[in-house]
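Student: Throw the hints in and build the complete structure from the sequences for me.
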Amino acid sequence: MEPPAKHEEEDEENGPRPPFAATVSRVAVAQICLTVGYAAAEPAALCSLADVAARFVQTLARSGASIAAAHGRTDANLLDLVRAMEDLSLPRGFAGAFNPTTPLLRSSILRELMAFVRSVEEIPFPRPIRRESVRARVSPSFGQMGREPPFGHVPRWLPCFPEAWERSRREGEGGGDRREGEGKREMAKGVRLLGEGERVLLAGRERVCFRLEYCGGSCGERKKKRVGEEAEERCGKRR
Amino acid sequence: MNSSSGEGRHDDDSALAEFLASLMDYTPTIPDELVEHYLSRSGFHCPDLRLTRLVAVAAQKFISEVASDALQHCKARQAAPVKDKSKQPKDKRLVLTMEDLSKALREYGVNLKHQEYFADSPSTGMEPSSREE
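Chains as they are written, first to last, in my numbering: chain A, 1 to 239; chain B, 1001 to 1133.
Mixed in with the good hints there might be a few duds.
What the hints assert, rightly or not - Okay, the calculated beta carbon distance ranges per label pair: (1) Met1126(B) - Thr23(A): 38 to 46 Å; (2) Ile123(A) - Ser1014(B): 26 to 34 Å; (3) His1114(B) - Ala70(A): 54 to 62 Å; (4) Ala97(A) - Ala1021(B): 26 to 34 Å.
To be verified - Just so you have them, the derived chain B footprint on chain A, three or more residues with Cβ under 8 Å: (5) 32 to 44; (6) 50 to 57; (7) 81 to 94.
By construction, these hints were calculated from the structure, which means they are not laboratory data. Quick reminder that beta carbons are idealized off the backbone N, C-alpha and C, glycines included.
Tutor: Here it is, written out as structure tokens:
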């Protein structure tokens, strides 16, 4: 849901921008208010109602997930959802609330939802929302890549180790476990083609030298020299 | 009697199945992407799109009910006899205000309080003689 630039930009006039989801829910709630009969809305009232809508969805979801977990399931189903909706509607009341043994699929809440869908006109959201693909970021596991983990204690469902690490390990062992027969990688003039699932690791960087300085006092000057000398010595050693 | 109740049950189940199938054609005002975002944030995992649409429809119904209750409050306030005719609003536009919204949400157990105004300090707006410095 979040756009690529997740950082909230500081606007001099209006302050930091609200999250993308809050803005979308505000637009959806404004559309619902229009269909109900409102011509306009105060900004604070619209923001509050959008926040309430978001909290309603989250409460319903949390309740449904905990009911599913209580039954030993990770995936929620329709029965969990209907029970969550009944729990949420209990303070206000619904038909059949007095009888806890009413079958969930015959709940009056479902019937009211069906009547609502039949009566209300369909008003879709004005613009399509870009879906952020989270799957692309997940690295494939050993099992998905069809490879065996290098160590016996590593399970196959864990993501693969970085290729650069595996390569350095193989070079250190003196070519103990060569996989160049795969034909996926070439090393020619420093150019490497990435194999499937391989991540780009940063190449060797230039050496960086720091000079740490304290400010103020004769003691500080002595310290300055000492610290500076130490830093230079370290740099010198590395060079 | 058993057969009639059995038939009734069958009708209910088929009506529910038809409703869930029709949800795939119906587009709720609250978009699927937004609902999926909040569902995944709350730990609700379900690959079935029909349940996502059901949650969206439930949220839409809730907001419609709250908004229509607030509308009733707004209309009641406008229909009430106005004491001072100069204060009568010239336009009959229905505007969603915090006052109507807080009255409507109170019935649903949501306490919404809104500051009328914000002041710099507790003594802002008081007479200079009454201020203690």
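Student: Hints first: check each against the structure and report whether it holds.
Tutor: Against the structure, the hints come out as follows:
1. Met1126(B) - Thr23(A): 38 to 46 Å: For Thr23(A) against Met1126(B), whose Cβ atoms are near 40 Å apart, the range 38 to 46 Å holds.
2. Ile123(A) - Ser1014(B): 26 to 34 Å: holds, 28 Å
3. His1114(B) - Ala70(A): 54 to 62 Å: violated, 38 Å
4. Ala97(A) - Ala1021(B): 26 to 34 Å: holds, 28 Å
5. 32 to 44: That given contact holds, which follows from 11 residues of the segment 32 to 44 of chain A lying within Cβ reach (below 8 Å) of chain B.
6. 50 to 57: Satisfied; 5 residues make the cut.
7. 81 to 94: holds (count 4)
Checked against the numbered hints given earlier, the structure breaks only hint 3 and satisfies all the rest.
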